[in-house]
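Enquirer: Sequence lines, in order, name chains A and B. Its first residue numbered 1, the first sequence is counted upward by one per residue in the numbering used here. Its first residue numbered 1, the second sequence is counted upward by one per residue in the numbering used here.
Check each hint, because a few of them may be wrong.
[Unchecked claim] Label pairs and their in silico Cβ distance ranges:
{"id": "1", "chain 1": "B", "residue 1": "E177", "chain 2": "A", "residue 2": "Q239", "range": "29 to 35 Å"}
{"id": "2", "chain 1": "B", "residue 1": "Y138", "chain 2": "A", "residue 2": "D224", "range": "48 to 54 Å"}
{"id": "3", "chain 1": "B", "residue 1": "K197", "chain 2": "A", "residue 2": "A220", "range": "29 to 35 Å"}
{"id": "4", "chain 1": "B", "residue 1": "W101", "chain 2": "A", "residue 2": "D101", "range": "56 to 62 Å"}
{"id": "5", "chain 1": "A", "residue 1": "F322", "chain 2": "B", "residue 2": "E177", "range": "24 to 30 Å"}
{"id": "6", "chain 1": "A", "residue 1": "R304", "chain 2": "B", "residue 2": "L115", "range": "28 to 34 Å"}
{"id": "7", "chain 1": "B", "residue 1": "C155", "chain 2": "A", "residue 2": "K189", "range": "46 to 52 Å"}
{"id": "8", "chain 1": "A", "residue 1": "G213", "chain 2": "B", "residue 2": "E177", "range": "39 to 45 Å"}
{"id": "9", "chain 1": "A", "residue 1": "K86", "chain 2": "B", "residue 2": "E177", "range": "38 to 44 Å"}
{"id": "10", "chain 1": "B", "residue 1": "Q199", "chain 2": "A", "residue 2": "V190", "range": "51 to 57 Å"}
Just so you know, these hints were derived from the structure itself, not from any lab. As the structure is a prediction and not an experimental result, all values here were calculated from the model. C-beta: ideal position from N, C-alpha, C; glycine also.
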Amino acid sequence: MSHDPQNEVSPKTIEQVYRPMTRRTFLKGAAASMVGVAGLMAALKPLLELDSGAITLDELLQKHYRQLTPEDLRRIMDNLAAKAEKEHGVRPTLRDLKPLDGVEFGYALNLTRCIGCRKCAHACLAENNQSRANPDDIEMSYIRVLELDKGAINLETSNVYYNPETVPQPDKYYMPVQCHQCRQAPCTKVCPVQATWQEKDGIVVVDYNWCIGCRYCMAACPYDARRFNYQKPTIAKEQINPNQTYLSNRIRPKGVVEKCTFCLHRTRDGKYPACLEVCPTGARVFGNLLDPDSEINYILKNKRVYILKEDVGTQPRFYYFFDK
Amino acid sequence: MIKFAQYSLRLALAVAISAGVWWLCQVSSAGEAQSIQITEPLPPANLPVVEKPPAEQPPVGLPTDTHLDKTPPRATKGLDLVKLGWTYNCMECHKLLKARWNYDRPMVEHKDIRLDHGNNRFCLNCHHPTNRNAWVDYDGAEIAQANVVQLCAKCHGTTYRDWNAGVHGRQNGHWDEAKGDKTKLRCIQCHDPHSPKFQAMKPLPPLTYPSRAAGADAAHAPHIP
Chain A
1 MSHDPQNEVS PKTIEQVYRP MTRRTFLKGA AASMVGVAGL MAALKPLLEL
51 DSGAITLDEL LQKHYRQLTP EDLRRIMDNL AAKAEKEHGV RPTLRDLKPL
101 DGVEFGYALN LTRCIGCRKC AHACLAENNQ SRANPDDIEM SYIRVLELDK
151 GAINLETSNV YYNPETVPQP DKYYMPVQCH QCRQAPCTKV CPVQATWQEK
201 DGIVVVDYNW CIGCRYCMAA CPYDARRFNY QKPTIAKEQI NPNQTYLSNR
251 IRPKGVVEKC TFCLHRTRDG KYPACLEVCP TGARVFGNLL DPDSEINYIL
301 KNKRVYILKE DVGTQPRFYY FFDK
Chain B
1 MIKFAQYSLR LALAVAISAG VWWLCQVSSA GEAQSIQITE PLPPANLPVV
51 EKPPAEQPPV GLPTDTHLDK TPPRATKGLD LVKLGWTYNC MECHKLLKAR
101 WNYDRPMVEH KDIRLDHGNN RFCLNCHHPT NRNAWVDYDG AEIAQANVVQ
151 LCAKCHGTTY RDWNAGVHGR QNGHWDEAKG DKTKLRCIQC HDPHSPKFQA
201 MKPLPPLTYP SRAAGADAAH APHIP
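So here's chain A without its partners, still in its complex pose (with noise of 0.2 Å):
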């Protein structure tokens, strides 16, 4: 018989063929499996917070917001409400108010009236119960005020933390920014789970039992609109405010994103905003988009209006404008 090398086989190819336990391998498939144990704890770990009793089993089998019945959600409100008061000590007037016929609201805010007196910013805390008790938290305001230099929109030279003896300063003019309500709203398509969605009055609202947190629609807004719980919100029992509403200002769970949404247990009942309640100079002009005598219609007939990167094609339901 003669020699063919053909026939030969390697000791390499004898040990890929049949890949036998090194070490190496073994570690490696422990290390994996180990992952995969602790992946499944993390995705059990709400059964073990039902066990403790941290979330009842109603919340856990919680369906989505538009597909619960009334019913469901009285039930679901008066449950988080007994929950607030024995964890906030406070026991708010939880309701759920839908979009009125007819109404699709829009908001306006005269940029030279504005002071940057922050009176906004901080009704905004006051009213819709954000984390601020802590003084670890991040502020939680929907509303930024900007300080600008006159002579450009130029947002990248901004500054959010000014604090001079007096505003406004005369070299300055400012831009208090928060939620758009944008018509192409992109926070709600990136949402991977619709936690978030647009109502038929225009507001854009978290449903906050839905909301994993995966923060994605505070990546996707070009207005910087969103905020993030990272942590128990922290709230003193007298600055809670009880006027609450399932999709706007009560008080949220850890890991969720919350916005603006026009103060809706507001403005819903027919009232203002909040933020609109306190403008000193009178800034801010809230109304009916649908109603051709609204003060916002007045704005956007006879008035310069200004749309905040209006390139990204958001089509926000929020304008600035100009006029002395």
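We have chain A; now place chain B onto it with these hints.
Expert: Frame of chain A, contents of chain B only:
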């Protein structure tokens, strides 16, 4: 003869007719003149009637907005009468002190007033020369104190237009008037009429950003209040 009689009859008829027409004309023109006399000089009914005692300010704004009202209390009552020593009835002094357009000396009374209203440099551009409890209109008529918006509208027409539309100035309450009241502040509740530029104010504290989140360098930096 008959012909002459006919002719004279015609003449008489013509004369009679023309006389009748002239009489009619006279009567009708007299009637016209009479009707003009009736409609003529009655004063227009919409002129503001201002009483001499100070006008009461109607309630405007929400109760929480009272601190914004820069107008002095218009009627001093009770103990304040003794404490202050005067009422806000301007005519108590000004019935003796005649108004002048210009003063060549600094004022010794009303020292707290510094008129800084642009080109509007004269007291009597706004204040009525003979009734200090009222404002003065273009034609010298009186504008009631409570109608101060009408006074400001004399010059600030476009602002008045926007205010009427609800775009200038502060509104509170309800955007949906079917559900509740909407209140509008009037000019002098935000603007001091003698110095109408909006006053600068101390801003509320800025957004805080925890030093821990700002990185190691900022960890020992003082916390932003």
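Enquirer: Take the hints in turn and mark each one as holding or not.
Expert: Against the structure, the hints come out as follows:
| no. | hint | verdict |
| --- | --- | --- |
| 1 | B/E177 <-> A/Q239: 29 to 35 Å | holds (31 Å) |
| 2 | B/Y138 <-> A/D224: 48 to 54 Å | holds (51 Å) |
| 3 | B/K197 <-> A/A220: 29 to 35 Å | violated (42 Å) |
| 4 | B/W101 <-> A/D101: 56 to 62 Å | holds (59 Å) |
| 5 | A/F322 <-> B/E177: 24 to 30 Å | holds (28 Å) |
| 6 | A/R304 <-> B/L115: 28 to 34 Å | holds (32 Å) |
| 7 | B/C155 <-> A/K189: 46 to 52 Å | holds (51 Å) |
| 8 | A/G213 <-> B/E177: 39 to 45 Å | holds (41 Å) |
| 9 | A/K86 <-> B/E177: 38 to 44 Å | holds (40 Å) |
| 10 | B/Q199 <-> A/V190: 51 to 57 Å | violated (45 Å) |
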